[in-house]
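Produce the complete structure using the sequences and hints provided.
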Amino acid sequence: MDLLERYLHAVGQYLPLETREDVLAELRVNLLAEMDARADAIERPLTVSETAAVLKEHGRPLLVAARYMPQRYLIGPAVFPFYQLTLRKAAPLVVLLYFVARVGTFVFSPTPTIFAVNVVRSFAQLVPVLLIFWAAVTMTFAILEFAQGELGKSASWNAWDPGKLPPLSHPKKEKSLASRIADLVVHCLWMLYVLAIPRHPYLILGPGTLFLSTLTAGFAPVWRPFYIAILVLLVAQLAVKLLALSRGQHRWEDPLKLLIKLLGVGPTALLAFTKVYFVPTGPAANLHALAQINYWVNVSFRIVLVIVVIDLLVESWQYLRHVVPAERLAF
Amino acid sequence: MTPTSENGMFDSLRLELRRGCLIVAVLAQLRHEHYGYTLRKALADEGLAIEESTLYPLLRRLETQGLLESEWREEDKRNKRFYRLSAEGEAILAQLLAEWNGINESLRKILNDERER
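Chains as they are written, first to last, in the working numbering: chain A, 586 to 916; chain B, 10 to 126.
A portion of the hints provided could be inaccurate.
[To be verified] Below, simulated DSSO-like cross-link-like pairs (lysine-lysine); rule was C-alpha separation at most 30 angstroms, straight line:
id	chain 1	residue 1	chain 2	residue 2
1	A	K842	A	K760
2	B	K118	A	K641
3	A	K842	A	K674
4	A	K641	A	K760
5	A	K826	A	K846
6	B	K86	A	K641
[What the hints assert, rightly or not] If the Cβ cut is set under 8 angstroms, some of the chain B residues that face chain A in the computed set are:
id	residue
7	G17
8	G45
9	E61
10	S62
11	Y65
12	R69
13	R87
14	N88
15	K89
16	R90
17	F91
[Stated by the list, open to error] Chain A is nowhere near these chain B residues, computed Cβ spacing over 12 angstroms in every case:
id	residue
18	N16
19	L26
20	A34
21	H41
22	G56
23	T63
24	L64
25	R70
26	E78
27	I101
28	L106
29	A107
30	E108
31	E123
32	R124
If you're looking for bench data, these hints aren't it; they were derived computationally from the structure. Here a beta-carbon is modelled for each residue, glycine too, at the ideal position from N, C-alpha and C.
So this is what it looks like as structure tokens:
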């Protein structure tokens with residue numbers, strides 16, 4: 586019986602003081618009854634190894650004691666589905682708000698910073714932001730669990746309208762060949778238009794060209810790399826439209842469009858972080874008016890950059906939510 | 010699906026199915042007084058074997074919930090803790106059995122409908 590006492594002592598070490606004696610007394614009598622029954626069956630007392638087998642069958646002391654402890658959890662089964670739902674629904678919103686805030690800070694920051702460094706920093710700082718969000722939601726639900734054991738049954742949590750469920754999504758229908766050819770032709774015309782701009786600036790500035798000449802001002806050097814970047818993008822788009830002519834390439838269309846949109850952020854960022862767009866071309870230039878124009882063009886491009894980045898984030902999210910399974914996007 | 014994974018899935022589903030039934034069985038068996046070991050034996054004799062490490066803590070939990078009553082009493086020169094169904098436990102058992110019978114009846118109908126098709 587020494588083995589039984591040692592076993593009970595080991596179990597007792599993990600039990601709370603107030604119930605320890607009671608639980609151990611009950612365990613002892615049950616285990617003794619089990620041993621007696623086995624001894625009766627074999628018509629002799631149990632050996633040490635047979636006793637050990639009974640105890641082993643009963644379980645490891647730590648686990649046995651754990652089963653006598655009250656069930657402990659931060660968020661119980663009644664509240665957990667709502668906790669999970671909140672995380673799933675709110676996490677993408679937190680990511681979106683975070684990036685909008687980052688882009689806004691970056692664009693309107695008075696001190697210039699390097700774009701690539703900002704991108705890396707933004708992604709690195711997203712991790713603690715998500716952890717804080719997760720901790721805050723968990724803590725809120727833990728408090729709710731503590732305060733309201735019956736939360737799962739409350740009317741407000743269960744109030745939902747099946748009529749508001751989103752419709753089933755149907756796979757996008759592939760465009761007809763005629764439509765794809767028309768798309769290509771329009772794009773080629775658009776490229777010709779863009780190619781003609783350096784020789785005929787009025788194509789893009791309209792009467793603004795006349796205004797610039799009255800100010801004795803012309804284009805700053807920044808427009809050159811911007812123009813080349815736009816041409817590269819147009820060529821990339823042309824390639825995508827040519828690819829779209831062959832059947833079965835439909836599945837590449839969306840990711841390629843998204844990639845081009847991502848590349849398009851570069852030229853916009855280039856303009857947003859440039860201060861000088863128009864420079865004087867003669868001594869009679871109105872420098873004050875030119876400075877005003879440069880300032881407002883800069884503000885406009887910064888606003889455009891914010892819109893472009895938000896659009897890119899929204900489209901990326903819409904694409905990813907259909908491609909990546911929900912459980913991999915959510916927590 | 011390999012036989013091993015099939016067995017694993019069966020074991021897990023069986024465990025899930027048994028979990029709720031065990032509480033009903035324990036409550037039903039405790040309409041007559043038992044202490045831990047004899048209760049386990051009685052359940053096993055009826056074909057419902059249950060591990061000691063599951064049953065004994067379950068008895069305490071059901072008692073804490075007010076569904077069982079217990080008392081220490083000497084029997085065969087040993088002090089034992091005897092459990093029996095409380096008045097509240099009886100009411101809950103009646104409701105659980107009604108639920109159980111409803112489920113059973115529905116399942117029977119579903120299976121009969123399948124056979125008739």
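Hints, verified against the model:
1. A:K842 / A:K760: holds (15 angstroms)
2. B:K118 / A:K641: violated (44 angstroms)
3. A:K842 / A:K674: Holds, at roughly 26 angstroms.
4. A:K641 / A:K760: Outside the cut-off at roughly 69 angstroms; violated.
5. A:K826 / A:K846: Holds - the C-alpha atoms of A:K846 and A:K826 are around 14 angstroms apart, at most 30 angstroms.
6. B:K86 / A:K641: Given that 30 angstroms is the threshold and the Cα spacing comes to 26 angstroms, the pair holds.
7. G17: Check failed: Cβ of B:G17 comes no nearer than 21 angstroms to chain A, outside 8 angstroms.
8. G45: holds (4 angstroms)
9. E61: Given a least distance of 5 angstroms, the restraint on B:E61 holds.
10. S62: This interface hint holds because 4 angstroms falls under the 8 angstroms limit.
11. Y65: holds (6 angstroms)
12. R69: At 7 angstroms from the nearest chain A Cβ, B:R69 passes the 8 angstroms test, so the hint holds.
13. R87: holds (6 angstroms)
14. N88: Hint holds; B:N88 Cβ to chain A Cβ min 7 angstroms, cut 8 angstroms.
15. K89: holds (5 angstroms)
16. R90: holds (5 angstroms)
17. F91: This hint is violated: B:F91 lies away from chain A, its Cβ roughly 11 angstroms from the closest one there, beyond 8 angstroms.
18. N16: holds (22 angstroms)
19. L26: holds (18 angstroms)
20. A34: Answer for B:A34: holds, closest chain A Cβ roughly 18 angstroms.
21. H41: holds (17 angstroms)
22. G56: B:G56 clear of chain A: closest Cβ-Cβ about 18 angstroms, beyond 12 angstroms.
23. T63: Check fails; 7 angstroms does not lie beyond 12 angstroms.
24. L64: violated (9 angstroms)
25. R70: violated (8 angstroms)
26. E78: Fine: 15 angstroms to the nearest Cβ keeps B:E78 off the interface.
27. I101: holds (18 angstroms)
28. L106: holds (23 angstroms)
29. A107: holds (21 angstroms)
30. E108: Non-interface label on B:E108 holds, nearest chain A Cβ at 18 angstroms vs cutoff 12 angstroms.
31. E123: holds (29 angstroms)
32. R124: Non-interface label stands for B:R124: nearest chain A Cβ at 34 angstroms, farther than 12 angstroms.
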